[in-house]
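Enquirer: Residue-level listing of the chains:
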Amino acid sequence: MTEVLVVGAGPAGLAAALAARARGAAVTLLDAADELGGQYWRHLPPQRPAARERALHHGWARFERMRRELEADPGCEVLTSAQVWAIEPADDDGRVGADGRLIDGGDRAVAGAAARAALVVHVLVGPVDGADRVARSIRPDALVLATGAHDRTLPFPGWDLPGVFTAGAAQALAKGERVAVGERVVVAGAGPFLLPVAASLAATGARVVGVHEANRPGRLAAGWLPRPWALIGAVGKAGELAGYAWNHVRHRIPYRTGSAVVAAHGTDRVEAVTIASLDRDWRPIAGTERRVEADAVCVSHGFTPRLELPIAAGCAITSDRFVVVDAGQGTSVAGVYAAGEITGIGGVDAALAEGAVAGHVAAGGSPTDAEISREMRARRTTTDFAGRIEASHGIRSGWTAWLDDDTLVCRCEEVPYGRLRATGDATCSTGLRSLKLTTRAGLGICQGRICGRTVEHLLGGDGGFADGVSTDRRPIAAPVRLAELAGASAPNRPEGHLRKETP
Amino acid sequence: MSARMLPAGSDPIRPGPTAPVTIHVDGEPVTGAAGQTIAGIVLANGRLAWRRTSSDGRPRGLFCGIGVCFDCIVTVNGDRDVRACQRRACDGDVVSSQHDELPEVHR
Chain R
1 MTEVLVVGAG PAGLAAALAA RARGAAVTLL DAADELGGQY WRHLPPQRPA
51 ARERALHHGW ARFERMRREL EADPGCEVLT SAQVWAIEPA DDDGRVGADG
101 RLIDGGDRAV AGAAARAALV VHVLVGPVDG ADRVARSIRP DALVLATGAH
151 DRTLPFPGWD LPGVFTAGAA QALAKGERVA VGERVVVAGA GPFLLPVAAS
201 LAATGARVVG VHEANRPGRL AAGWLPRPWA LIGAVGKAGE LAGYAWNHVR
251 HRIPYRTGSA VVAAHGTDRV EAVTIASLDR DWRPIAGTER RVEADAVCVS
301 HGFTPRLELP IAAGCAITSD RFVVVDAGQG TSVAGVYAAG EITGIGGVDA
351 ALAEGAVAGH VAAGGSPTDA EISREMRARR TTTDFAGRIE ASHGIRSGWT
401 AWLDDDTLVC RCEEVPYGRL RATGDATCST GLRSLKLTTR AGLGICQGRI
451 CGRTVEHLLG GDGGFADGVS TDRRPIAAPV RLAELAGASA PNRPEGHLRK
501 ETP
Chain A
1 MSARMLPAGS DPIRPGPTAP VTIHVDGEPV TGAAGQTIAG IVLANGRLAW
51 RRTSSDGRPR GLFCGIGVCF DCIVTVNGDR DVRACQRRAC DGDVVSSQHD
101 ELPEVHR
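If you read the protein sequences in the order shown, they are chains R and A. Here the first sequence stands for residues 1 to 503, where the numbers follow the UniProt record's numbering. Here the second sequence stands for residues 1 to 107, where the numbers follow the UniProt record's numbering.
This is chain R alone, in the form it adopts within the complex (with noise of 0.2 angstroms):
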C-alpha cells in the first residue's frame, strides 16, 4: 500500500489527506499545530465549545466534516503538535552532492506518479518548543507539503512598537481565543485578507476605526473588473467577499482605499498612527498625513507562502517564489506533491482543489480520472483569482519612502533601515549570505521569515543575488534545542516507515 505523509493540515493538506485514503493509501496526517484547519479555520480549542461558533467561519460545516471522516478512519494516523524540523535524501536513493542535492537521482529518474518520494522527513512531536518532545523520521512513499503561508508585513516606523500586530494575529485569536487585540483597532495593509481580519474583530466587541487598503480603486478595479466570465466558477469566494462588505457595512467601518498606516505612534505601546494616502506606486503624498488615536494596529501587505519544506525536498521555485507543479500538483521532485498557498495565494477553494489533486496523484491516481474532474476544474478557475489578487493588491516599490533611517528592518537583530543600506553600501557585497553576516539581518530566531523577503528588497532590489541565495531556504527548518538535536536519530538513519506510535 502507497504510505502518504501529508505536512499540514489546513484546507489543502485536510483535502490531500481525504483524497488519497479515497484512492487507498495509507496516511499519515501531521500539523505543528494541535488542532486541525491551519489558520484558515483557526478555532476554539475543545475545552471551549460554543453553539454558533460556525458564526466565525465559512465554510465550518465542511471543516468538520473533513474533521470527522479523517478522525475516525484508521487507515489515517493525524499527528498534532509535530513539528517537522528537517527533510533530507534518503541514503538509499542516490547519492548526495555537497550542495546537499541528489546528483544521481536513484529512483527519482522514474519519470510518472509511480515514482517514490526518496526523502527522510524529521519530527518532533509535543508540547511547542518544550524541551522532551519525541523525534520520529518519517520515509514515506510520496510527500504532500501543504505548509500555507503567513503574513507579510512591511516595516513602517513604530512598527516594533507593543500593539502593532499582523493581521493574521488579531484574526488567530479572535477566533481562537475570543480575545480582541484592542478597543480602538485600525486595520491596514493590502489583499482581500483585511475584510475577514476587520469582521473578526468587530465580531469580537473591537471597535474597527478603519480599513485602509493601500491600493487605489483604479488598480482594483483593473485587477478585479476584467473577463468577470471567468469569475463565475469562483462564485463561493464572491460570496465570502460579499459577506464581508455586508459586515461592514452592519458594523459602519470605513474602507478607505489608497491610504495606509505610515507610522505608529508612542513610547512603550501604540497610541495613535499615522494614516497618509498613498499615490499609485505606494509611495506618501505629502499633506495627506493624519493622526488616529488606536490602541492596536493591525497590518498586513500580503502573504509569503512557507518555503523552507519544499526547498529542502529539492524542488524547483518559480521566479515570482513559490513551487512550480504541473498539472497533477507534482513538483520536479518525484514523488513530492505541492498545493495550496505555496503554489500561489489562491485562497480557500484553491487550496482545497489543488489538496485533493495532489493528494489523489500521490496515492497514484491521474489527474484525468474521473474522481477528481471536479477538482481540476475547480483549480483552473481559482487559478485566475491568485492572478486577479496579485494584479490588485500586490506589494507596489514606493513603500520605502515611509522608512526612516531609525526604522527597524530586522526586528529580532534590531537592524535599522539606516545601518542596514550604509552596511550593505560600505561592504560593496551582491552575495546575499555576506551581506546578512555584516548586517546581520534576517540572522535572528524568526530565522528571517519576517524581514527576509524585505532585505532581499532593499539590498539587491528585485534582481537578485550573485550568489543565488533566498532568504526561503532554512536547512534547519524550525528552531531546535541543541539536546534534541543530539538526541534525534542519526541522519540517513530513518527509524522506520509511517509506524503507527503515540507520541
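Honestly, the hints are just simulated from the structure, not real lab data. All values derive from a computational prediction rather than experimental measurement. A hint or two may mislead.
To give an idea of the chain R side of the interface with chain A (calculated C-beta under 8 angstroms), a few residues [said to hold, decoys possible]:
id, residue
1, R52
2, E53
3, A180
4, A221
5, A222
6, R449
7, R453
With beta-carbon atoms standing in for the labels, derived distance ranges [as the list claims (entries may be wrong)]:
id, chain 1, residue 1, chain 2, residue 2, range
8, R, E69, A, D56, 47 to 53 angstroms
9, R, V324, A, E28, 48 to 54 angstroms
10, A, C90, R, A286, 30 to 36 angstroms
11, A, T75, R, S366, 49 to 55 angstroms
12, R, D132, A, L102, 25 to 31 angstroms
13, A, Q98, R, E69, 40 to 46 angstroms
14, A, G46, R, G75, 45 to 51 angstroms
15, A, D81, R, T267, 25 to 31 angstroms
16, A, G46, R, A72, 15 to 21 angstroms
Glycine residues also receive a C-beta, built at the ideal position from the N, C-alpha and C atoms.
For this one, chain R is given, so just place chain A on it according to the hints.
Expert: Just chain A now, with coordinates in the frame of chain R:
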C-alpha cells in the same frame, strides 16, 4: 484601552461554560480560560509586552500570533524560548519573561 476577551454573555457565538486556568507570570497569578495560549491569557489581562530586546532593551509582546516571528518567547517551567502564542497554558505553569542582554549593552 487594551486587549480583552469578549465576555461570554455578549458573544454572538454563544459559548458554553469554561474552566479557569491560572498561571504565574513573573510571580503574579494570572487567570484565563482553559485552552487559551499563554500569550492570549497575558494579553487579555492587560499586559501588552513581556520580552525586552537584547540590544536596545525595547519592549515586545505578541506580533504575528501564529508562531512565525518569535517576538513573544518566554520561559515556561524552566524551558526557555517557548512561543507564548503557540503554547497552551496548563494550570500552574510558571512563566517568566526573557531579556537576553548582549555584552554590548554594557558599553
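Enquirer: Is the interface hint for E53(R) satisfied, with its Cβ closer than 8 angstroms to some Cβ of chain A?
Expert: Check passed: Cβ of E53(R) comes within 5 angstroms of chain A, closer than 8 angstroms.
Enquirer: Under the criterion of a CB-CB separation shorter than 8 angstroms, is A221(R) in contact with chain A as hinted?
Expert: 31 angstroms, violated
Enquirer: If I claimed the Cβ atoms of E69(R) and D56(A) lie 47 to 53 angstroms apart, would that claim hold in this structure?
Expert: For D56(A) against E69(R), whose Cβ atoms are near 51 angstroms apart, the range 47 to 53 angstroms holds.
Enquirer: Checking hints one by one. Is A180(R) an interface residue toward chain A, by the C-beta closer than 8 angstroms rule?
Expert: With Cβ-Cβ at 6 angstroms, under 8 angstroms, it holds.
Enquirer: Between the beta carbons of C90(A) and A286(R), is the distance compatible with 30 to 36 angstroms?
Expert: 53 angstroms, violated
Enquirer: Kindly confirm whether 40 to 46 angstroms is satisfied by the beta carbon distance between Q98(A) and E69(R).
Expert: Once the Cβ atoms are compared, 42 angstroms apart, the range 40 to 46 angstroms for E69(R) and Q98(A) holds.
Enquirer: If you check the beta carbons of D81(A) and T267(R), does the distance land in 25 to 31 angstroms?
Expert: 27 angstroms, holds
Enquirer: Holds or violated: is the Cβ of R449(R) closer than 8 angstroms to a Cβ in chain A?
Expert: 5 angstroms, holds
Enquirer: Given the hint of 49 to 55 angstroms, is the C-beta distance from T75(A) to S366(R) inside that range or not?
Expert: Roughly 52 angstroms apart at Cβ, these two residues keep to the hinted range, so it holds.
Enquirer: With respect to the beta-carbon atoms only, verify the hint that G46(A) and A72(R) lie 15 to 21 angstroms apart.
Expert: Between G46(A) and A72(R), where Cβ atoms are some 42 angstroms apart, the hint is violated.
Enquirer: If you take the shortest Cβ to Cβ gap from A222(R) to chain A, is it below 8 angstroms?
Expert: With Cβ-Cβ at 31 angstroms, over 8 angstroms, it is violated.
Enquirer: Per the CB criterion, is R453(R) less than 8 angstroms away from chain A?
Expert: 13 angstroms, violated
Consistency note: the structure conflicts with the earlier hints numbered 4, 5, 7, 10 and 16.
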